[in-house]
Structure formats: structure tokens, C-alpha cells
Amino acid sequence: MSSSVPVLSLVDYQSTDNETRLSFIRQLGAAARDVGFFYLEGHDLSQAEQDDIISLSKSFFALNAKEKRQVKMANSPHFRGYNQTHTEVTAGALDFREQFDIMDELPAVHSQLVTQEWQKLIGPNQWPDAMPRMRSTLLTWQDRLTKVGLTLLSALCEALEQPADALQPTVQNGPYRHTKLIKYPGSESAGNQGVGAHKDPGYLTFVLQDEHSGLEVEIDNEWHSVSPRKGALVVNIGELLELASDGYLKATNHRVVSPPAGVTRYSSAFFMAAQLDADIPVLPLPDHLKRLAHGPSSDPNNPLLRKVGENVLKGRKRSHPDVTEKFYKEALQQLSA
8 MSSSVPVLSL VDYQSTDNET RLSFIRQLGA AARDVGFFYL EGHDLSQAEQ
58 DDIISLSKSF FALNAKEKRQ VKMANSPHFR GYNQTHTEVT AGALDFREQF
108 DIMDELPAVH SQLVTQEWQK LIGPNQWPDA MPRMRSTLLT WQDRLTKVGL
158 TLLSALCEAL EQPADALQPT VQNGPYRHTK LIKYPGSESA GNQGVGAHKD
208 PGYLTFVLQD EHSGLEVEID NEWHSVSPRK GALVVNIGEL LELASDGYLK
258 ATNHRVVSPP AGVTRYSSAF FMAAQLDADI PVLPLPDHLK RLAHGPSSDP
308 NNPLLRKVGE NVLKGRKRSH PDVTEKFYKE ALQQLSA
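Residue numbering for the sequence shown follows the working numbering, beginning at 8 and increasing consecutively.
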């Protein structure tokens, strides 16, 4: 476990003792601003549930190549499904990992009803026939993490000295949700990019790790390991909270270094953002916090957008050029310009 990454317990936020609750809010605010990463315990997700997700991940990636290709992401305009290694792009380089992505299970918007390009993100997931249990297990996991995520979002609003429901209008129709199962194969090349340095685009990200290290967070221009902690989820702040706090909170750069040859690392990530049709507001911070808010950082080549659907779609297109080429050709030309 990294000594640089705080450990918080959600039980403290739900305590009937007011001082315990306020102490959690203060610690959460400090962790979110100073580090942008923390371990979360007391989240009511049992060890058995966590172990089941890692086991499910191992079973899926153990399927033969033909079975996995039947649900490959390049089949889906909604960016759902399987990617083999060296398919996703992060920080301009190919990631050395396999992954399987789902989002909300919804019917696609009919083409005649699409008025905004981001509406093409809405649609069904792809599920492997060989694993009938996968659908119910992952959708339930996604629902369970959403409950934790919405609770933390309320606590973060309080840490910013706002009403707990200050961001509720941006999730009132259900937050945008995205879950990944990930396999990082071992690599003989030291420092090989499991996933390159990046920030996450949503409100909050929750990472479930197996027993192998690899996740790293950048703090004060140095990389720190976020080693597995039994029973705890790793949580990091996303760019939407940076936007909402006008830069008081910072989304933090992080990466995954491939494990050594002979070792395979499994993890699952859950990303929670605002609903796709939301615009992210700037919260009216009190003066003593506002003085420390210097605006969100933004790459001029990849600017942050307050319109959530546009921001999410922009990130999906950049990460998955094969899907973009097949279903969003005009966008690919713009990205290449």
C-alpha cells in the first residue's frame, strides 16, 4: 500500500456521531484536493462480491480468441465489448492490456431520433454466449457501485461546503456509468505501458485490484504505487469534479505499468459521470476555497467540455480509433486534422 494515498471509511460518513461524520468530510476534502486518490473501506461491498468480479474477469479472458472476438468492441457504435492488446490508445500510445467494457443496458436511439452525436453512445451491451452469468453479475456490480458513487458525490459536495445535493441535477436521471474488466499480461520490457498516463473524464472512478501491483499515481511530479489493499476500493477524482469546483479539486494523472513476465494482473474499473445530457455547473464556493480555485487544467489539444455527452464521446473516439473509423468517420477526420 502506498503511504501517500489516504485510507477512508464510508462508514464514518454514515455515522450517527456528528463529529465522526464531519471528520470524514474533512479528510475526504483533503484527500480529493491534495492527492486525488484514496482507498475506500466500509463501502458494503463484500469480499465475496469483489472476489467474484475478479474470478469472472479471469474466466472471460480465458475464453478462446474466437469467443472473445464475437463481442469485440469494433462491432459496437456504442463502444461496448472486447478489445485485445494494443487496441486502445492512451496518451498517443497503444495500451498493453485486454479489456471488456459495458455501460448501461439500454436500447439504441433510433437513427431518425438522434439529434446529438453523443446519443449514439446509448445502446445495448455485448455479452458472450459462453458466459450466461456475466450479464446479471456485472450489471448488479455496476448498480452496487453506483450507490457508493452517489453517496461519495454527496460527501464531496459537503467537503466543498455546498449542499449535499448540489450536483443532484446532473445525475437525477441516472449517472453515466461505464465498467471495465481488464487483464494486464506480463511483459519482458521494463516500464511497458499497461495503460498510459491519463486523467479520468467523469466524476469518480472506482478500481478493484487483484493481489498484483501496477497502478501508479503522480504526486508532486513523482510516481507512487497504489498497491492492492485487501477489501478496499481505490477511488480517484475525475475531470468533471475539477470542472465543477473550478479547479479547486484536481483530477490526478495515473497509469498502470505492466507486470513482469510470468505475472498477469486483473482489475475492474467503474467510471461514474453525470448524465449524458447534463451541463456541469461551476459551484459557488465560499471565498476561502474560491481563492484556491484557479480554474480547471485543460490540454488545448483535448479541452474539457462542460457538456457531458460531448466530453464522453470525445474521449471514446480518441481511445478507440477503430470504432471511430467504422462508425464516426467525420469525427476521425477532425481528430486527425
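For the record, the hints were derived by calculation from the structure and aren't laboratory data. Glycine included, every Cβ here is placed at the ideal spot set by N, Cα and C. Be a bit skeptical, because a hint or two may be false.
Listed next, the in silico DMTMM-like pairs over lysine to aspartate or glutamate satisfying Cα-Cα at most 25 Å (straight line) [stated by the list, open to error]:
1. Lys187 <-> Asp19
2. Lys65 <-> Asp51
3. Lys75 <-> Glu165
4. Lys187 <-> Asp294
5. Lys321 <-> Asp284
6. Lys333 <-> Glu317
7. Lys314 <-> Glu165
8. Lys336 <-> Asp284
9. Lys297 <-> Glu165
10. Lys257 <-> Glu124
11. Lys187 <-> Glu26
12. Lys79 <-> Glu124
Here are the in silico distance ranges between beta carbons for each label pair [said to hold, decoys possible]:
13. Lys73 <-> Pro131: 41 to 49 Å
14. Gly254 <-> Gln77: 21 to 29 Å
15. Asp51 <-> Val270: 15 to 23 Å
16. Asn180 <-> Gly254: 43 to 51 Å
17. Val18 <-> Glu332: 16 to 24 Å
18. His93 <-> Lys154: 45 to 53 Å
19. Asn25 <-> Asn199: 26 to 34 Å
20. Arg236 <-> Lys154: 38 to 46 Å
21. Lys297 <-> Gln179: 42 to 50 Å
22. Glu218 <-> His93: 19 to 27 Å
### Query
Any of the earlier hints contradicted here, and which numbers?
Per hint list: 1, 3, 4, 10, 11, 13, 14, 15, 16, 17, 18, 19, 20, 21 violated.
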